[in-house]
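Peer 1: The primary structure of each chain is shown beneath.
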Amino acid sequence: MTSLLNVASVVAIVAGAGFFLAGTLGLLRFPDTFTRLHALTKADNLGLGLVVLGLLPHADGVVAGLKLVVVWLLVMLAGACASQMVARAARRRDLNR
Amino acid sequence: MAEFLQGASVFVLAMVALGLARILRGPGDADRMMAAQLLGTGGIAALLLLGAASGVGGIVDVALTLALLAAFATIAFVKASVPGMSDDSGADRE
Numbered sequence: 000m001t002s003l004l005n006v007a008s009v010v011a012i013v014a015g016a017g018f019f020l021a022g023t024l025g026l027l028r029f030p031d032t033f034t035r036l037h038a039l040t041k042a043d044n045l046g047l048g049l050v051v052l053g054l055l056p057h058a059d060g061v062v063a064g065l066k067l068v069v070v071w072l073l074v075m076l077a078g079a080c081a082s083q084m085v086a087r088a089a090r091r092r093d094l095n096r
Numbered sequence: 000m001a002e003f004l005q006g007a008s009v010f011v012l013a014m015v016a017l018g019l020a021r022i023l024r025g026p027g028d029a030d031r032m033m034a035a036q037l038l039g040t041g042g043i044a045a046l047l048l049l050g051a052a053s054g055v056g057g058i059v060d061v062a063l064t065l066a067l068l069a070a071f072a073t074i075a076f077v078k079a080s081v082p083g084m085s086d087d088s089g090a091d092r093e
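Chains as they are written, first to last, in numbering that gives the first Met the number 0: chain F, 0 to 96; chain V, 0 to 93.
The following block holds chain F by itself, in its conformation from the complex (with noise of 0.2 angstroms):
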């Protein structure tokens, strides 16, 4: 079970890790700001999700484990808005320039 529960954390954990370098490469290969945008703050919060569900088994306690959710879900409300307003205001410069 141990060893069950171990090789379902390490897949996730790998599948985050991929989400992220999926996000940096977004990031430095897009070609304007929006769809860099598009490729950051999906690419990321996804990575992290999944490195949380990797490390959900090995919390000490249900309350560290709720924690670490709560980290996401912060990360996820404060990303979500973040890039509403990014892109306002980089839509906001290209139109008064």
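Worth flagging that the hints you see were computed from the coordinates, not collected in a lab. Some clues are possibly wrong.
Pair ranges (Cβ atoms, derived) [to be verified]:
1. F:Asp93 - V:Leu67: 38 to 44 angstroms
2. F:Arg92 - V:Ala1: 16 to 22 angstroms
3. F:Arg87 - V:Asp60: 28 to 34 angstroms
4. F:His37 - V:Lys78: 35 to 41 angstroms
5. V:Gly25 - F:Ala14: 17 to 23 angstroms
6. F:Arg90 - V:Ala75: 14 to 20 angstroms
7. V:Val61 - F:Phe29: 15 to 21 angstroms
8. V:Glu2 - F:Pro30: 35 to 41 angstroms
9. F:Val9 - V:Pro26: 16 to 22 angstroms
10. F:Arg91 - V:Leu68: 20 to 26 angstroms
11. V:Gly27 - F:Leu3: 30 to 36 angstroms
12. V:Gly25 - F:Leu72: 28 to 34 angstroms
13. F:Val9 - V:Gly27: 35 to 41 angstroms
14. V:Pro26 - F:Gln83: 18 to 24 angstroms
Virtual Cβ for every residue (Gly too), placed ideally from N, Cα, C.
For chain F, the structure is supplied; the task is to place chain V on it using the hints.
Peer 2: Okay, now just chain V, sitting in the frame of chain F:
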């Protein structure tokens, strides 16, 4: 397991460091701010992995603080860079 978690933490940190090249290349302020946002998300993931690897529970609190600070940094950037948004109490003020 601890070695794997540490390795994953180092990998995520390396990805964040690569993404910081966007700060050098720009071209706009919004692109630079996105690299800072990547530092927030990736830093949280690296901290959580490191916390699970070392067994120090307090690292999760550091990650929570980083999540809060990254959100505030982005909001401060937008309020400073968009004309009119930095002065949100303008309608009430004489």
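Peer 1: Does the Cβ-Cβ separation between V:Gly25 and F:Ala14 fall within 17 to 23 angstroms?
Peer 2: Cβ of V:Gly25 to Cβ of F:Ala14: about 31 angstroms, so the range 17 to 23 angstroms is violated.
Peer 1: Between the beta carbons of F:Arg90 and V:Ala75, is the distance compatible with 14 to 20 angstroms?
Peer 2: Since the Cβ atoms of F:Arg90 and V:Ala75 sit about 19 angstroms apart, the hinted range of 14 to 20 angstroms holds.
Peer 1: Verify the CB-CB distance for V:Gly27 and F:Leu3 against the hinted window 30 to 36 angstroms.
Peer 2: violated (48 angstroms)
Peer 1: Look at the Cβ atoms of F:Asp93 and V:Leu67 and judge whether their distance stays inside 38 to 44 angstroms.
Peer 2: violated (30 angstroms)
Peer 1: Within 35 to 41 angstroms: is that where the Cβ-Cβ distance between F:Val9 and V:Gly27 falls?
Peer 2: holds (39 angstroms)
Peer 1: Can you tell me whether the CB distance of F:Val9 to V:Pro26 sits inside 16 to 22 angstroms?
Peer 2: At roughly 39 angstroms between Cβ atoms, V:Pro26 and F:Val9 fall outside 16 to 22 angstroms, so the hint is violated.
Peer 1: Can you let me know if the beta-carbon spacing of V:Gly25 and F:Leu72 is within 28 to 34 angstroms?
Peer 2: Given range 28 to 34 angstroms: holds, Cβ gap about 32 angstroms.
Peer 1: At the C-beta level, are F:Arg92 and V:Ala1 separated by a distance inside 16 to 22 angstroms?
Peer 2: Check failed, 46 angstroms falls outside 16 to 22 angstroms.
Peer 1: Range first: 28 to 34 angstroms. Now tell me if the beta carbons of F:Arg87 and V:Asp60 are that far apart.
Peer 2: holds (32 angstroms)
Peer 1: Quick check on a hinted range of 18 to 24 angstroms for V:Pro26 and F:Gln83, using CB atoms only.
Peer 2: holds (21 angstroms)
Peer 1: Are F:Arg91 and V:Leu68 spaced within 20 to 26 angstroms by their CB atoms?
Peer 2: Once the Cβ atoms are compared, 25 angstroms apart, the range 20 to 26 angstroms for V:Leu68 and F:Arg91 holds.
Peer 1: Starting from the range 35 to 41 angstroms, see whether the pair V:Glu2 and F:Pro30 falls in it by beta-carbon distance.
Peer 2: Roughly 39 angstroms apart at Cβ, these two residues keep to the hinted range, so it holds.
When the structure is compared with the earlier hints, violations turn up for hints 1, 2, 4, 5, 7, 9, 11 and for no others.
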